[in-house]
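Engineer: What follows is the residue order along each chain.
There are 2 protein chains.
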Amino acid sequence: MERILAHIDDHFDAHLDQARRFVRQPSISGEGIGMPEMARLVADRITELGGRAEIVPTDGWPVVYGEIDQGAPRTLLVYGMYDVQPVEGETWMAPPFEGQVVSLEGHGPSMVARGVYNTKGPLAGFFNVVHTLREVEGRLPVNLKFMIEGEEELGSVHLPQFVARHRDRLRADAAYFPFYMENAQGKPVMWLGVKGILFFELTCRGGDWGGPTVRGIHGSNAVWISSPTWRLVQALRTMVGPDERILVDGLYDGVAPVSADDEELLAALARTFDEQTILQDHDVKRFKYDLRGVDLLRRYLYDPTLNIDGLVSGYVGAATKTLLPHEARAKMDVRMVPNMEPETVVATLRAHLDRHGYADIELRVNEGYPPAKTSVRQPVVQALIRAVRRLGVEPEIWPHLGGSAPFYLFTGELRLPFAMGGLGHGGRPHSPNEYATVEGMKRFEKSVAAFLVEFARG
Amino acid sequence: MERILAHIDDHFDAHLDQARRFVRQPSISGEGIGMPEMARLVADRITELGGRAEIVPTDGWPVVYGEIDQGAPRTLLVYGMYDVQPVEGETWMAPPFEGQVVSLEGHGPSMVARGVYNTKGPLAGFFNVVHTLREVEGRLPVNLKFMIEGEEELGSVHLPQFVARHRDRLRADAAYFPFYMENAQGKPVMWLGVKGILFFELTCRGGDWGGPTVRGIHGSNAVWISSPTWRLVQALRTMVGPDERILVDGLYDGVAPVSADDEELLAALARTFDEQTILQDHDVKRFKYDLRGVDLLRRYLYDPTLNIDGLVSGYVGAATKTLLPHEARAKMDVRMVPNMEPETVVATLRAHLDRHGYADIELRVNEGYPPAKTSVRQPVVQALIRAVRRLGVEPEIWPHLGGSAPFYLFTGELRLPFAMGGLGHGGRPHSPNEYATVEGMKRFEKSVAAFLVEFARG
Chain A
1186 MERILAHIDD
1196 HFDAHLDQAR
1206 RFVRQPSISG
1216 EGIGMPEMAR
1226 LVADRITELG
1236 GRAEIVPTDG
1246 WPVVYGEIDQ
1256 GAPRTLLVYG
1266 MYDVQPVEGE
1276 TWMAPPFEGQ
1286 VVSLEGHGPS
1296 MVARGVYNTK
1306 GPLAGFFNVV
1316 HTLREVEGRL
1326 PVNLKFMIEG
1336 EEELGSVHLP
1346 QFVARHRDRL
1356 RADAAYFPFY
1366 MENAQGKPVM
1376 WLGVKGILFF
1386 ELTCRGGDWG
1396 GPTVRGIHGS
1406 NAVWISSPTW
1416 RLVQALRTMV
1426 GPDERILVDG
1436 LYDGVAPVSA
1446 DDEELLAALA
1456 RTFDEQTILQ
1466 DHDVKRFKYD
1476 LRGVDLLRRY
1486 LYDPTLNIDG
1496 LVSGYVGAAT
1506 KTLLPHEARA
1516 KMDVRMVPNM
1526 EPETVVATLR
1536 AHLDRHGYAD
1546 IELRVNEGYP
1556 PAKTSVRQPV
1566 VQALIRAVRR
1576 LGVEPEIWPH
1586 LGGSAPFYLF
1596 TGELRLPFAM
1606 GGLGHGGRPH
1616 SPNEYATVEG
1626 MKRFEKSVAA
1636 FLVEFARG
Chain B
1186 MERILAHIDD
1196 HFDAHLDQAR
1206 RFVRQPSISG
1216 EGIGMPEMAR
1226 LVADRITELG
1236 GRAEIVPTDG
1246 WPVVYGEIDQ
1256 GAPRTLLVYG
1266 MYDVQPVEGE
1276 TWMAPPFEGQ
1286 VVSLEGHGPS
1296 MVARGVYNTK
1306 GPLAGFFNVV
1316 HTLREVEGRL
1326 PVNLKFMIEG
1336 EEELGSVHLP
1346 QFVARHRDRL
1356 RADAAYFPFY
1366 MENAQGKPVM
1376 WLGVKGILFF
1386 ELTCRGGDWG
1396 GPTVRGIHGS
1406 NAVWISSPTW
1416 RLVQALRTMV
1426 GPDERILVDG
1436 LYDGVAPVSA
1446 DDEELLAALA
1456 RTFDEQTILQ
1466 DHDVKRFKYD
1476 LRGVDLLRRY
1486 LYDPTLNIDG
1496 LVSGYVGAAT
1506 KTLLPHEARA
1516 KMDVRMVPNM
1526 EPETVVATLR
1536 AHLDRHGYAD
1546 IELRVNEGYP
1556 PAKTSVRQPV
1566 VQALIRAVRR
1576 LGVEPEIWPH
1586 LGGSAPFYLF
1596 TGELRLPFAM
1606 GGLGHGGRPH
1616 SPNEYATVEG
1626 MKRFEKSVAA
1636 FLVEFARG
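Going line by line, the protein sequences match chains A and B.
Under the numbering used here, residues 1186 to 1643 are what the first sequence spells out, in order.
Under the numbering used here, residues 1186 to 1643 are what the second sequence spells out, in order.
Treat each hint with caution, since some may be false.
[To be verified] With a straight-line cut-off of 20 Å between C-alpha atoms, the simulated EDC-like cross-links for lysine to aspartate or glutamate are:
#1 1506(A) / 1338(B)
#2 1506(A) / 1460(B)
#3 1470(B) / 1460(B)
By construction, these hints were calculated from the structure, which means they are not laboratory data.
Please work from the sequences and hints to get the whole structure.
Structural biologist: Now the structure itself:
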């Protein structure tokens, strides 16, 4: 292991150049810029490292699929993405597609580039580790498979299609998502899962029940013609009480109790968890509940949520204009905690609206997938924990994220435990001056090398 | 009277040219196009007719003030406007600032031009009547004062200022607003007043109570951080019940009972009032109430309303984006019926929000003025009714409009009874192909001539 770490130190300038090779190729999925070129670059890199790679078409941007078979007992499926967010209209301190290293206040020398944090930097770093292990050991301790998608920034639209079509090729012992997990305070944060999400839209339009049906009409008619806007407000009010508690009967049904393992993780987490930092980071004065520590964390992680992401009706410009709108829309989401399923939630919401007399209100689902998590006891998770501890770091372990990602594809579709993370720090994803610290990029590679060695051990 | 009507018939081509002179001069207050030129044209017209005119500055577009003093016992204050709506982006069958006469299906020969209906046509027509009376009789039977504003399409922003500053000059026996009052079905509809309006905005932002204070934050935080959007929904729900009845304590206080005169008008009105036409015109399937005739009319005219004109919060684009918004806004209005005052309504709304625990929700008033109406018994109203009857027409008389206009300036500030209307038909105000029928323009002039004669008689 020492030889491996020393090799990373000795060749790190060349490793940075590999990361630079990736970030220099723009690959903006949302604008269709440089996507085939980037897919080719990733596939070529896998081939350079002795693997086989294929650019597999989907109904959207292709997936780069690769294999490095070493005849090892265990196989790891590496998930990643080759697309990045747009930079249109942003002002950067260094060109976003060059990979300059600049000194950032509070962070030291850092590479500033679109994608260097999210997530070309970690992906390039992973490949550097593969290269290093082959240089030092002659071979890898595990077999690798790669599934590198080009639509993560679009919501992984066609990844389910790819997974369904290539289930057999994707067989492995575990999945892994390379990512820098040290936050701005230098704390290494490790998540064992994600919440699910149901993103949907409620639309109330005038119809047989009343209200204008075709266009907004003069506001003076509100006195004798019903308002779809008021109707949507009334319907929403049946779904959530003044204390923000969800009133939709059955929405909490099936929510899994917190497991003993998770309670243990929560207790540990509460020792380093800092409520004030959360409030400050979000410019919020107080939480929804007068709770602290484990009790607050339990709410955060295990409560389903019904959120209004957006609400619009009628005239919302600066002027004075009276209008009786013909339509009101709410964009909403339910964050789903373990054991919740999008289909059940949709049925529950629909039944609630119908039961309260709002059968006319349209419920249209935009997107939905269930939560996904891996037990802390899984070998792949334990391997990652041991790896960072070998580098002298004690991770803060979260049973799962408050956020969502379609990792049910691993846990549900492919029945694979998964782990994500690695040391390293970066920031400002989706924003100007996205960065990763040079020191963190190096620490990342060392932690990944240790992870692969630990994972091979089982 | 016969000689007057014949003179109008004989000289009507010249009269149409006068209307054309007005519509050919663009005068778009909202875009600042042609405003001084149009004010000058109106002032010149008053001078041509033997009066004195002045273009009086305000903090916005000037008001054209004029007088034609005939030493008559009675004085009429004519209110009008010289501004029109924009035509930007509209497609017209004839250029909007030419005044072409074209044959319109269902309407016959009509002048198509911006402002010909709203309201340069009626204004030019009124001046034509003054010209005719002077030609035929040598003098007018009444003294005239003119107050022609340039900001009607902007909400008459500086008209209160003008009235306050020139109260003495505006003394008269009654006010009159020239307008074509025959609707698309050929029915002459006469309104004796308008509702008042309070236009305001409610804004709920994150603050000491919770919620994001500076910007929208990641939607996953909705599980432990409160939502200004849900809070606004909850607050709105306290104001109006599921049956759309207003729940704001005190909002109905002071609402005047329907007077005996108005009940008589309602009973007459119900004989010609057609519910189905209202529904069809607005593409609405049913009214808010299962009422008909007088009962429905009573609601329409004498119920205050609390309407949501617009509602907005968070992300309302087409994509999937989870967000916990930091702000939610509702643009709202209260239509005020007789005896309601904007100041009282504001205080009532504020007290309601405070009492329900929403003291943090901002209530900002954009505009507000009380209702205004004139009794059917007033001589100016009776004169207009007699005038149209002399031309063989029985008007449908409404105690007041469902809509609003700042006519409290007449009834309240200046203590003047007022009347509005005249025969004639036009349509599509604020829209492409705004028109007035040539036949209607002629009927308008005849009815105005009869009105001035009747008004002089008392």
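Engineer: Kindly indicate which numbered hints from before are broken by the structure, ordering the numbers from low to high.
Structural biologist: 2
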